[in-house]
Amino acid sequence: MTRLATESIRGGDVAVGDALPPFALPVTSTVIVAGAIASRDFMPVHHDPDYARAQGAPHMFMNILTTNGYVARFVTDWAGPEAMLKKIAIRLGAPAIPGQALHFSGEVKQKSIEGDECLLELAVAASNELGEHASGTVMLTVPAR
Amino acid sequence: MSAEEADPVREKLEAYVGQSISPPVISPDPVNVPMIRHWVDALDDRNPVYLDEEFARTTRFGGVVAPPAMLQAWSMPRPKIEGIAERGGAPNEMSHDNPIVALDEEGYVGTLATNSELEFMRYLRPGDHLHTRSECESISPRKQTSLGKGYFVTWITTYTTGDGELVGRQLFRVFKFDPSTMGAA
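These protein sequence lines are chains A and B, in that order.
Counting from 58, one number per residue, gives the positions in the first sequence under the working numbering.
Counting from 1236, one number per residue, gives the positions in the second sequence under the working numbering.
Hints were generated in silico from the structure; no laboratory data involved.
In this text the structure is predicted, and so the values were computed from the model without any measurement.
From the three backbone atoms N, C-alpha and C, an ideal C-beta is built for every residue, glycine too.
Worth double-checking, as some hints may not be accurate.
Below, simulated DMTMM-like cross-link-like pairs (lysine to aspartate or glutamate); rule was C-alpha separation at most 25 Å, straight line [claimed, not checked]:
#1 A:143 <-> B:1279
#2 A:144 <-> B:1280
#3 A:143 <-> A:174
#4 A:143 <-> B:1372
#5 A:144 <-> B:1352
#6 A:168 <-> B:1352
#7 A:166 <-> A:107
#8 A:143 <-> B:1264
#9 A:144 <-> B:1276
#10 B:1384 <-> A:189
#11 A:166 <-> B:1264
To spell it out: a stretch of chain B is covered by chain A in this simulated footprint if at least three of its residues, at any positions, have a beta carbon under 8 Å from a beta carbon of chain A; those stretches are [claimed, not checked]:
#12 1269-1278
#13 1283-1293
#14 1305-1311
#15 1351-1363
Let's have the full structure, built from the sequences with the hints guiding it.
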C-alpha cells in the first residue's frame, strides 16, 4: 500500500496492534556524516573512523540526533504530514555503523481519541547486526477523522 | 560492592544535583529554512510540512515547521574545530563545573549515552529563537556493569523561545564509567 506524501492517516484508520511498514536504512559513511553535520554535531566519533576506533568503537557511528531524526521520519512516513510528534523516548544500545543496515519496526500500543485529536503511543525499535540500536516509545497525535 | 561501602565520590556528586550542567545557551541562529533544508536532505525526509510552504499552509501547522527532532540541533554551540579531538569531541573548552567533568577527573572517563527522551510542546517555526538551559536531574549510586563501575548521570534540557514559551524538553542520560574496572566484581 502506498500513500501520497501529502496524505495522512486518521484515528479511524488505526488499531492497537497495527504494525508500521518496516523500513531498512542502508547505513553508510555518507548517511552518518550527513546526519552529524546537519545536526551540527562535530564530534570526531561521528565522522572519523580512526578516531572512533581509538575510542574503542567498532567504526565511526551515528549520532543520537540523527537516530532521533530517523525515528521521527520512520513514524511520519507512515502517519503523514498532519501527524504531530509529542515525544520520542529511546534507550540507546548498539552503535549504528557503516555497512550495517538499520531495520526499523514499530507497533501501535495505545490509542485514545479526544475531540478532533487521536493520541497514539507506538513502540519502536531500530536494529542492526550488532543488536538493538535504539528502542522505545513515540507519542503522536493525528486527526481523529 | 556492598550497599554499605562508603563512596566519597558519590557524596561529592550530590552537590551537582539540581544545578546547571552548562551555562544557558542562546542558539546561534533562529529556526531557519536553510538549516531545515540541510537536515531534510541529509535524512532524506520528504515530509512536505518542512519545506513546502503552499502545502504546509493547508495543514494544522499553517505554514512550514522545523522537523521536531531538530530541536537539539538549533542549540548546538558553534564548534571550534581546532583541537576538537584533543578535547574528547567537545566543541568548546568545558570550563563549567559539572558532574561530567568531575567524574572525568575521578577516573570515570568513559561515557556511554543510554537514554534520550525528547518532548515537543509545539513544532518550531522559522523565526523562533531558542534559549536553552540544562540541569542535572539525578546521579545514581555507583553501579557495576559490563563496562566497569560508574554512575548514571541524568540531565534535563528545557527549550524556550525568546519570550519564555516552553516549546520542548529533553531528558538525557549517560553512564560515566571507569574502563579500568571492567569485569571487576
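Hint by hint, here is what the structure shows:
Taking the CA atoms of residue 143 of chain A and residue 1279 of chain B, the gap is about 21 Å. The hint holds against a cut of 25 Å. Distance hint between residue 144 of chain A and residue 1280 of chain B is fulfilled; the C-alpha atoms sit about 18 Å from each other, no more than 25 Å. For the hint pairing residue 143 of chain A with residue 174 of chain A, the CA-to-CA distance comes to about 12 Å; that is within 25 Å, so the pair holds. Taking the CA atoms of residue 143 of chain A and residue 1372 of chain B, the gap is about 21 Å. The hint holds against a cut of 25 Å.
Pair hint residue 144 of chain A plus residue 1352 of chain B holds up; C-alpha atoms about 7 Å apart against a cutoff of 25 Å. Restraint check for residue 168 of chain A and residue 1352 of chain B: satisfied, since their Cα atoms lie roughly 20 Å apart, inside the 25 Å limit. Simply put, residue 166 of chain A and residue 107 of chain A have alpha-carbon atoms about 41 Å apart, too far for the 25 Å limit, and the pair is violated. This hinted pair checks out: residue 143 of chain A and residue 1264 of chain B have alpha carbons roughly 24 Å apart, not beyond 25 Å.
About 23 Å separates the Cα atoms of residue 144 of chain A and residue 1276 of chain B, which keeps this hinted pair within 25 Å; it holds. A C-alpha spacing of about 23 Å is found between residue 1384 of chain B and residue 189 of chain A, which places the hinted pair at or below 25 Å, so the restraint holds. A hinted pair counts as satisfied when its Cα atoms are at most 25 Å apart, and residue 166 of chain A with residue 1264 of chain B does not qualify at roughly 38 Å. With 6 residues having a beta carbon nearer than 8 Å to a beta carbon of chain A, the region 1269-1278 of chain B meets the requirement of three or more and the stated coverage holds.
Under the rule that three or more residues need a Cβ within less than 8 Å of chain A, the assignment of the region 1283-1293 of chain B holds, with 4 such residues. Only residues whose beta carbon comes within less than 8 Å of a beta carbon in chain A count, and the region 1305-1311 of chain B has 4; three or more means the coverage holds. Under the rule that three or more residues need a Cβ within less than 8 Å of chain A, the assignment of the region 1351-1363 of chain B holds, with 6 such residues.
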